[in-house]
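Enquirer: Required output: the full structure, derived from the provided sequences and hints.
So the sequence shown is numbered by my numbering: it starts at 73 and just counts up by one.
Just so you know, the hints here were simulated from the structure itself, not pulled from any lab data. Hints are not guaranteed to be accurate.
Here are the simulated DSBU-like cross-link-like pairs (lysine-lysine), alpha carbons at most 35 angstroms apart as the crow flies [stated by the list, open to error]:
1. LYS81 / LYS125
2. LYS125 / LYS80
3. LYS125 / LYS79
What follows is a list of derived Cβ distance ranges for each label pair [said to hold, decoys possible]:
4. ASP166 / ASN117: 33 to 43 angstroms
5. GLN74 / GLY155: 16 to 26 angstroms
6. HIS167 / ALA189: 30 to 40 angstroms
7. HIS167 / GLN77: 34 to 44 angstroms
Glycine included, each C-beta is placed from N, C-alpha and C at the ideal position.
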Amino acid sequence: MQYDQFKKKLRLPDGTDAPTQLIYGELEAQAITRDHLADDVAGINASLDLIRKTRGGSWPTGPVTAEGNFVDLVWHECEFRDGGSYTYAVYHADHGYIGCCYLYPLGGRTTLTAELARDHDVDVSWWVTPPRVPARRLHHSLRRPTALARRPVPALAALLLQPRASPDRSSRLS
Numbered sequence: 073m074q075y076d077q078f079k080k081k082l083r084l085p086d087g088t089d090a091p092t093q094l095i096y097g098e099l100e101a102q103a104i105t106r107d108h109l110a111d112d113v114a115g116i117n118a119s120l121d122l123i124r125k126t127r128g129g130s131w132p133t134g135p136v137t138a139e140g141n142f143v144d145l146v147w148h149e150c151e152f153r154d155g156g157s158y159t160y161a162v163y164h165a166d167h168g169y170i171g172c173c174y175l176y177p178l179g180g181r182t183t184l185t186a187e188l189a190r191d192h193d194v195d196v197s198w199w200v201t202p203p204r205v206p207a208r209r210l211h212h213s214l215r216r217p218t219a220l221a222r223r224p225v226p227a228l229a230a231l232l233l234q235p236r237a238s239p240d241r242s243s244r245l246s
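Expert: Right under this line is the structure:
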């Protein structure tokens, strides 16, 4: 089978929706929307080199504009709504906006293989704005910048992929 032509759909437990808010200690992840535009543009433009070094890929190719990033945020909103991918704006209680976390299906950013399809659930990546938060404080909350999540998956993906009793789509990680 030619796995490289497919994406592995992100699956949520029956009857659940992806949470729109996740809280873990001093971190809060909010499903990204166009309401995050100003924070996102400022964060991306302050972190261009770091994003390319840590997240991988060629994005961003240069500074982003509010107009161009608005289109991206609307795309992320639609993807979240339709279950194609889940992107979160991440905030720190003391430092404000610190970056984004992306949960993508395998086969999108990465080439899908039989091993990935069998052993992994989601392609997790993120970027942070290090001048806002000392790296040693983030170390306790974040793992390596790009991870192909295995079972159990990293914190944000774990909560997303596990059933929750709370109907309000807001969840707290422990």
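Enquirer: Could you run down the list of hints and mark each one as holding or not?
Expert: Against the structure, the hints:
1. Restraint check for LYS81 and LYS125: satisfied, since their Cα atoms lie roughly 27 angstroms apart, inside the 35 angstroms limit.
2. For the hint linking LYS125 to LYS80, the alpha-carbon distance of about 26 angstroms falls within 35 angstroms, and the restraint holds.
3. With a C-alpha separation of about 25 angstroms, the suggested pairing of LYS125 with LYS79 holds against the 35 angstroms cut-off.
4. At roughly 22 angstroms, the beta carbons of ASP166 and ASN117 sit outside the given window of 33 to 43 angstroms.
5. Restraint check, GLN74 to GLY155: a C-beta distance of roughly 24 angstroms satisfies the suggested window 16 to 26 angstroms.
6. In this structure, HIS167 and ALA189 meet the distance hint of 30 to 40 angstroms, their C-beta atoms being roughly 38 angstroms apart.
7. The beta-carbon spacing between HIS167 and GLN77, approximately 42 angstroms, falls within the hinted interval of 34 to 44 angstroms.
When the structure is compared with the earlier hints, a violation turns up for hint 4 alone.
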